[in-house]
Amino acid sequence: MSEQNRRVGRNARMYGGDTAASHVAAMPIWRYRFVLAIIFVAMAVLVGRIVYLQVFDHQFLQGQGDSRTIRVQNIDAHRGMITDRDGEPLAVSTPVVTLWANPGDLPEDPVQLTRLAKALDESPSDFMARVKNYRGKEFMYLKRRVTPEPASRVLALDIPGVHGRHEYKRYYPAGEVTSQLVGMTNIDDHGQEGLELAFDRYLSGLPGQRRVLQDRKGQLVRDLHMIREAHPGGDVTLSVNLRLQYLAYRELKAAVNEHNADSGTLVMMDAHTGEVLAMVSLPSYNPNNRTSVDPAGLRNRSLTDAFEPGSVMKPLAMSAGLESGKFTPDTPMDTSPGWMMVDGYTIKDTRNFGKLDMTGVITHSSNIGMTHMALALPDDAIWNVYDSMKLGHPTGLGFPGEATGSLPSPFSWSKAKRATLSYGYGLSVNAVQLASAYTAITNDGKQVPPSLLKLNKPPEGHRVMSSKTSHELIRMMETVVEPGGGGTRAALEGYRVAGKTGTVRKIGNTGYQKEAYRSNFVGIAPASNPRIVTVISIDNPKGKEYYGGLVAAPIFARVAGNALRLLDVPPDDQSKESPGA
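The sequence shown lines up with residues 1 to 581 when you count with the UniProt record's numbering.
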């Protein structure tokens, strides 16, 4: 044996070579072949699967590819427009662009991110921190609802991962003048307040959808097909006249500021159709700039706030007396000594008016005279009149947050409750309910329901009192505005005016407050052939002047005079004949 073979033998023994060699020699040939067979079968299955997917079931791979490149995009529907009765826009949708990004595709280069931040009017450090927080996600808003011009400047930077989506943004041309009535939409263009909320489904329309092909960066490659066309929302035509709305807002704001009042409300209604021609509440807000919106300004107080109306209810209560046949405008009434006790409560007039007729009771707003009348009528007579006028019931306008007011049940009423109801205490109404109730007087005894939408024809209405009674009430109310009445500051040059003042103590935590009032006035013009009914309510005027005839009545004079001229209503003939005589 050679020296080389001996070395090999030693190495084999040292490392167990003899044993390994014996195992190899002892390994069956079938096991080797079995392993090779498994490998060949696996390869055959793999090749077969590839052939099957490529040739026979290629739709699977196509579907997998489509799931990564084909997307369904929503198509925003154009929101309908809100206009005044003459077509003047009150709410319109303007095109805007929402800028968004895929944070994973945004460059990490700080220079590019700084350029993008400046184009978005953001601090570069804040913007980079925001991008860092979104790095693990696939979507982030850069800036929502940008006007097209600045959006195009951002997209022109051609920064990877930055995209734009075309949307619409609501704009309100009249601003704060119509804000509580029209309302506003939220960031997603859904109604949030006012009529925008009430008619949201009708205004919104139906969004569409389309299938598109995108590249891996989310860029649109091409439109594939339309799934559903977008259907624009419907337009809403309101009953208000924008010129009258501006006029009412200007005068009401001036009066609220002059008297340092907490708030104010004005509703002007068509005397024959019930259409609301102007509806203003203060404080207000600008829906085009919501950075400093005061929640108190969001309320449409004409509908959402109920209050005790006070003496403005006296003509409505008087209708019960006239309809009963027990009283006429000339029926004498002794109100001396200016106060009386009823069920232990003291009812007072502002002074001792002595002997009055029923017209004088309205002229001087005598609580004593109204009490004597109420106690002479059946227990539920005045309540039935108020209930027939839908006081304490919803107006049917469907306005969000409407207050229905309250009209307590007449069962087991005391004499004091019947008395206070006759001069406007013990119930609550909103301004629209009050204006609607007065249409029974201006419309030959038929009350018409209120409407915030322009009507094609006047509603039928329902009879509340006789035509004779309505005419008598208008003549009685004219004396309030004539010399000697409490509402002389509501007089208009060239027009006959019928009105009624009201001054109500406000209720606090401990009952009626001594130094807080609500000043009210209801006016009808022209009295010979009524065209408008106007309700004005000033909440908590400060100072010496707080009576309705001093605070609210002058607002009527400034608003109604211009309104009648804008509506082309000819002046009365100045005769004092009863309307309809």
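In short, the hints are calculated from the structure, not lab data. Do not take every clue at face value.
Calculated pairs, DSSO-like style, for lysine-lysine (alpha carbon to alpha carbon, straight line, at most 30 Å) [as the list claims (entries may be wrong)]:
#, residue 1, residue 2
1, 417, 506
2, 415, 454
3, 506, 348
4, 348, 514
5, 326, 457
6, 355, 253
7, 506, 544
8, 326, 514
9, 143, 348
10, 415, 544
11, 253, 544
12, 544, 514
13, 506, 468
14, 457, 415
Do the hints match the structure? See the list:
{"no.": "1", "hint": "417 / 506", "in the structure": "holds, 18 Å"}
{"no.": "2", "hint": "415 / 454", "in the structure": "violated, 44 Å"}
{"no.": "3", "hint": "506 / 348", "in the structure": "holds, 17 Å"}
{"no.": "4", "hint": "348 / 514", "in the structure": "holds, 15 Å"}
{"no.": "5", "hint": "326 / 457", "in the structure": "violated, 37 Å"}
{"no.": "6", "hint": "355 / 253", "in the structure": "violated, 40 Å"}
{"no.": "7", "hint": "506 / 544", "in the structure": "holds, 16 Å"}
{"no.": "8", "hint": "326 / 514", "in the structure": "violated, 36 Å"}
{"no.": "9", "hint": "143 / 348", "in the structure": "violated, 64 Å"}
{"no.": "10", "hint": "415 / 544", "in the structure": "violated, 33 Å"}
{"no.": "11", "hint": "253 / 544", "in the structure": "holds, 19 Å"}
{"no.": "12", "hint": "544 / 514", "in the structure": "holds, 13 Å"}
{"no.": "13", "hint": "506 / 468", "in the structure": "violated, 35 Å"}
{"no.": "14", "hint": "457 / 415", "in the structure": "violated, 44 Å"}
Of the numbered hints given earlier, the model fails hints 2, 5, 6, 8, 9, 10, 13 and 14; all others are met.
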